[in-house]
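K.L.:
Sequence:
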Amino acid sequence: MKSLIAFMIGLFLAGPTVAGDRLQDILDALRAEHAFPGASVAWTGPDGAVQARTTGFADPDVGLPMTPESRMLAASIGKSFVAAAALALQAEGRLDLDARVSDWLGARGWFERLPNHHSLTLRHLLTHSGGLPDHVELPAFQQLFLSLGPDDPAPEPADLIALILDAAPLFPAGQGWSYSDTGYLLAGLVIDAAAGRPWTEVVRDRFILPLELADTEPSDRRDLDRLAVGFTGMAGPVMRTLDREGRMVFHPGIEGAGGGFVSTTADLARWGWLLWSGRAMELPYLDEMLQGIETGTPGRSYGLAVGIDLTGSDEIRGHGGWIPGYVGSLRYHPAQDTAIAIQINTDIGMLGAEGAFDAIELAIHDVILEFTK
Numbered sequence: 001m002k003s004l005i006a007f008m009i010g011l012f013l014a015g016p017t018v019a020g021d022r023l024q025d026i027l028d029a030l031r032a033e034h035a036f037p038g039a040s041v042a043w044t045g046p047d048g049a050v051q052a053r054t055t056g057f058a059d060p061d062v063g064l065p066m067t068p069e070s071r072m073l074a075a076s077i078g079k080s081f082v083a084a085a086a087l088a089l090q091a092e093g094r095l096d097l098d099a100r101v102s103d104w105l106g107a108r109g110w111f112e113r114l115p116n117h118h119s120l121t122l123r124h125l126l127t128h129s130g131g132l133p134d135h136v137e138l139p140a141f142q143q144l145f146l147s148l149g150p151d152d153p154a155p156e157p158a159d160l161i162a163l164i165l166d167a168a169p170l171f172p173a174g175q176g177w178s179y180s181d182t183g184y185l186l187a188g189l190v191i192d193a194a195a196g197r198p199w200t201e202v203v204r205d206r207f208i209l210p211l212e213l214a215d216t217e218p219s220d221r222r223d224l225d226r227l228a229v230g231f232t233g234m235a236g237p238v239m240r241t242l243d244r245e246g247r248m249v250f251h252p253g254i255e256g257a258g259g260g261f262v263s264t265t266a267d268l269a270r271w272g273w274l275l276w277s278g279r280a281m282e283l284p285y286l287d288e289m290l291q292g293i294e295t296g297t298p299g300r301s302y303g304l305a306v307g308i309d310l311t312g313s314d315e316i317r318g319h320g321g322w323i324p325g326y327v328g329s330l331r332y333h334p335a336q337d338t339a340i341a342i343q344i345n346t347d348i349g350m351l352g353a354e355g356a357f358d359a360i361e362l363a364i365h366d367v368i369l370e371f372t373k
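Heads up: the sequence shown is residues 1 to 373, going by the numbering used here.
Just so you know, these hints were derived from the structure itself, not from any lab. Heads up, a few of these hints could be off.
[Claimed, not checked] Using C-beta positions, here's what the derived DEER-type ranges look like: (1) 335 <-> 140: 19 to 27 Å; (2) 107 <-> 20: 49 to 57 Å; (3) 150 <-> 312: 27 to 35 Å; (4) 168 <-> 234: 25 to 33 Å; (5) 24 <-> 158: 27 to 35 Å; (6) 315 <-> 247: 40 to 48 Å; (7) 212 <-> 296: 32 to 40 Å; (8) 284 <-> 172: 14 to 22 Å; (9) 315 <-> 359: 37 to 45 Å; (10) 162 <-> 234: 17 to 25 Å; (11) 138 <-> 278: 16 to 24 Å; (12) 311 <-> 64: 15 to 23 Å; (13) 64 <-> 359: 33 to 41 Å.
Built from N, CA and C at the ideal position, the CB exists for glycine as well.
Full structure from sequences and hints, please.
P.N.:
Here you go:
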């Protein structure tokens, strides 16, 4: 099958065909090779137009095809909205990324039990440089996730933050890097306090509505229209993310500001193109967003909810996402002024060193970027 994919890419390079047609062939071949239920891909180039292609099924059990209108959980890609909201509020003088988090949250009874509570800033939270453990990686969180019943509400952010209280910091704030969803839960609370309303409303009013991201909304309830069924093996046997009535079997609001959105690849591609090219706001913000912290991986740094990868003279800006049942990525290539979004409705066989997602992503990017050169 790998030779088939290589052959198809060769055909694309040899002839004057449309990228979308060749991408469709590649997507279908990738699905045959890796046996995922369905996938959606969209890209936005220099003219701002969005193109999308899909393969497979949004629900294979009933033969429902995946379409460009099918939505999936964006998972940690949603962190980009949180950072953008913080930058917008800073531009208005309503918060300062370098002010202490204690200015906003210090009166909460649990605050002084946070690792590095005395020195944390919002910038530390948004760049994963606060030295905070990640509650998602803790056995206590995994037990909590599996214990939630079909009618249980999502845990409050404070309930999840409580999982790291009294823990030792991983390093002094600002002197290292370690990915922490907990830091983004705290960032969401800071934005709530600074704006005087939920951070999701700030995102809606400043970005989703004015940028016409009509298929994007907070994943804060179990009933989400046009949501593709996801498949996960996290709990052992393969599990569907939707019941037969179309409701999620777990509450997606458990992500909070660590992700928190449902979307299509078309909306995500447009968002990534606007955000990481500097077009999402009138006031300048991109330089600050791209001030990266070294992650310990050569050629890779992390800014405000954006990974920055340097390979030779090439730069890629973006973010990946995973939540049980769904994996995806959103990347922006400055040299081609092109953003590419990918979503797949399973995490089985996708993640880790042996997972297929990285190879799938590379094959898709190769086709689209060759067309844009």
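K.L.:
Next, verify each hint and record whether it holds.
P.N.:
Evaluated hints:
no. : hint                    : in the structure
1   : 335 <-> 140: 19 to 27 Å : 44 Å, violated
2   : 107 <-> 20: 49 to 57 Å  : 54 Å, holds
3   : 150 <-> 312: 27 to 35 Å : 50 Å, violated
4   : 168 <-> 234: 25 to 33 Å : 28 Å, holds
5   : 24 <-> 158: 27 to 35 Å  : 46 Å, violated
6   : 315 <-> 247: 40 to 48 Å : 41 Å, holds
7   : 212 <-> 296: 32 to 40 Å : 38 Å, holds
8   : 284 <-> 172: 14 to 22 Å : 31 Å, violated
9   : 315 <-> 359: 37 to 45 Å : 21 Å, violated
10  : 162 <-> 234: 17 to 25 Å : 22 Å, holds
11  : 138 <-> 278: 16 to 24 Å : 37 Å, violated
12  : 311 <-> 64: 15 to 23 Å  : 38 Å, violated
13  : 64 <-> 359: 33 to 41 Å  : 27 Å, violated
Violated hints for the displayed structure, listed by number in ascending order: 1, 3, 5, 8, 9, 11, 12, 13.
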